[in-house]
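The hints should help you fit chain B onto chain A, whose structure is shown.
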Amino acid sequence: MMKNKKGVSEMIGYILLISFAVVISAVVYTWLKSYVPQDALECPEDVSLMLKNYSCNSAENTLTLNIKNNGRFSVGGIFINVRNDSAQKLATKDISKYVHNSTGTYLGLGTLKFKDAFSNEDNSLDPNEEISLKFNLNNTGFGQIYSIDLNPIRWQEEDKKMQTVNCGNAKVTEQLKDCFAG
Amino acid sequence: MKKKVNAKNKEGLSPVIATVLLITMVVVIGLIVFLWFRSMTKEVVTKFGDENVELACDKIQFSASYDAETLSVSNTGNVAIFSFKVKTASEAGYSTRDIEDISADWPTLGLNPGNAYSANIGSISDQLTLIPVLIGKSEKSGRKTFVCSEKNGYELTV
Numbered sequence: 001m002m003k004n005k006k007g008v009s010e011m012i013g014y015i016l017l018i019s020f021a022v023v024i025s026a027v028v029y030t031w032l033k034s035y036v037p038q039d040a041l042e043c044p045e046d047v048s049l050m051l052k053n054y055s056c057n058s059a060e061n062t063l064t065l066n067i068k069n070n071g072r073f074s075v076g077g078i079f080i081n082v083r084n085d086s087a088q089k090l091a092t093k094d095i096s097k098y099v100h101n102s103t104g105t106y107l108g109l110g111t112l113k114f115k116d117a118f119s120n121e122d123n124s125l126d127p128n129e130e131i132s133l134k135f136n137l138n139n140t141g142f143g144q145i146y147s148i149d150l151n152p153i154r155w156q157e158e159d160k161k162m163q164t165v166n167c168g169n170a171k172v173t174e175q176l177k178d179c180f181a182g
Numbered sequence: 001m002k003k004k005v006n007a008k009n010k011e012g013l014s015p016v017i018a019t020v021l022l023i024t025m026v027v028v029i030g031l032i033v034f035l036w037f038r039s040m041t042k043e044v045v046t047k048f049g050d051e052n053v054e055l056a057c058d059k060i061q062f063s064a065s066y067d068a069e070t071l072s073v074s075n076t077g078n079v080a081i082f083s084f085k086v087k088t089a090s091e092a093g094y095s096t097r098d099i100e101d102i103s104a105d106w107p108t109l110g111l112n113p114g115n116a117y118s119a120n121i122g123s124i125s126d127q128l129t130l131i132p133v134l135i136g137k138s139e140k141s142g143r144k145t146f147v148c149s150e151k152n153g154y155e156l157t158v
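So the sequences go chain by chain: A and B.
Under our numbering, the first residue of the first sequence is numbered 1, with each subsequent residue one higher.
Under our numbering, the first residue of the second sequence is numbered 1, with each subsequent residue one higher.
Just chain B, with the same shape it has in the complex:
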């Protein structure tokens, strides 16, 4: 007589435990993958809450003039301008400097809405472009500066 194998005696995991383990493993693996992907994406700098600082660059409004070696800037918008990159053109090519390096009078906290600034910056030969620099918040590094693109800049022909 053949002995019948009793299937109920086979050892193995209970289906409930298996399901719980599976779900736990999936959640843990998902979390690891999520954190890994986040570290690969570009750091997001925000201004005015959750808005990306790149969008704030498009809201900047200011006017500027260069007369008798004096640079004057007036912030006519509602976005505080932390600093400027000053791009000058000469025969040798282009050079870009921070406005704080050109003039010690630049306000430390930047140019608030409605405020104006003027200082002697010396002689400029040909073309001058002011590119705004904003300050925003980043989750990783706290306060962080962001240089707007040149399309947000202001060109002054000397």
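Chain A with its partners taken away, still in its complex shape:
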């Protein structure tokens, strides 16, 4: 008599199967969610700065840089490192904190923000504009400076927050001749 055989009710079987499927898919979703790539912080391609000229004043121990925005997008600041060792290839000495506060503000972590008396915007150096930055290098012990690296920074809105974006692809390296050569 087939009706007397014991077994799991079909209804219970369906419920259990569906529950296991839901649980397993929840576990897999939680794990896979972290592998969805997010957009990387990037600068627009045509961001560019150039070092128009510079002067090294050995008497006052000051370095003055005239920087021009020769790109197509506004720039908000720079990371600036100098090389004071002729044997090295990379500039690794950060001088941003020695900036004179009339044209630049040191924000910490190597970030130097341009100051513009006529603009409240974060990215205040517009295309074709120039800025002069003065650095007081007294008591730094740097000695002769062989080259300088200028890395543009932009402030961009990402995920509804203003983020500092390093435009590493637009880094400029300039060799300095006889700068504090003694």
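Hints are supplied without guarantee of correctness; some may be wrong.
Pairwise CB distance ranges (calculated) [what the hints assert, rightly or not]:
(1) N120(A) to A104(B): 37 to 45 Å
(2) N66(A) to G49(B): 37 to 45 Å
(3) D159(A) to L31(B): 29 to 37 Å
Every beta carbon over 12 Å from chain B, so not counted as near; a handful from chain A, in silico [as the list claims (entries may be wrong)]:
(4) E45
(5) L51
(6) K52
(7) C56
(8) T105
(9) Q144
Read the hints as simulated data drawn from the structure, not as lab findings.
Keep in mind it's a predicted model, so treat the numbers as computed, not measured.
Note that CB positions come from ideal geometry on N, CA and C, so glycine has one too.
Just chain B, lined up with the frame of chain A:
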């Protein structure tokens, strides 16, 4: 005369109560199974919100050089590099050390975007590979370091 069995007098659970009990049991069993499965999967370390730290490794950009026993590194990307594993090759084989063990000058919080580092690390004989180490968040253990794969490393031939 045969007595008729009155089916309505049979004792048993009401269908409503049975359904509620069944659903409750399924939810509880499902929760137990879910928690058990989660403990078996690899711990997920994230960076920049919900993104897996392995994906952040691919966004790292840095340049390095080794000259006159001085290692110089410049972070040219937008991902902070917490540390490096320094892999050196010699006749005896390979050895890997943390950069903090080689140089006391390595910044405690790592190398932020746009920053640079240089220090004397002594003589290296042949090949040097810098493998980035990132710091991310994990639900179980809070902040946690993650060593990127060697393909994200930077090789310097001395």
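Hints versus structure:
1. Distance hint for N120(A) and A104(B): a CB-CB separation of about 43 Å, consistent with the stated range 37 to 45 Å.
2. Distance hint for N66(A) and G49(B): a CB-CB separation of about 40 Å, consistent with the stated range 37 to 45 Å.
3. Separated by about 33 Å at the C-beta atoms, D159(A) and L31(B) satisfy the suggested range of 29 to 37 Å.
4. With a closest Cβ-Cβ approach of about 15 Å to chain B, E45(A) is found to remain outside the 12 Å limit, as its non-interface label requires.
5. In this structure L51(A) is separated from chain B by more than 12 Å, as the shortest Cβ-Cβ distance comes to about 17 Å.
6. Distance to chain B confirms K52(A) as a non-interface residue, since its nearest Cβ pair spans about 22 Å, more than 12 Å.
7. Non-interface call for C56(A) relative to chain B: holds, since the shortest CB-CB distance, roughly 21 Å, exceeds 12 Å.
8. No beta-carbon of chain B is positioned within 12 Å of the beta-carbon of T105(A); the least distance is around 15 Å.
9. Every CB of chain B lies more than 12 Å from the CB of Q144(A), the least distance being 16 Å, so the non-interface label holds.
No hint from the list above goes unmet by this structure.
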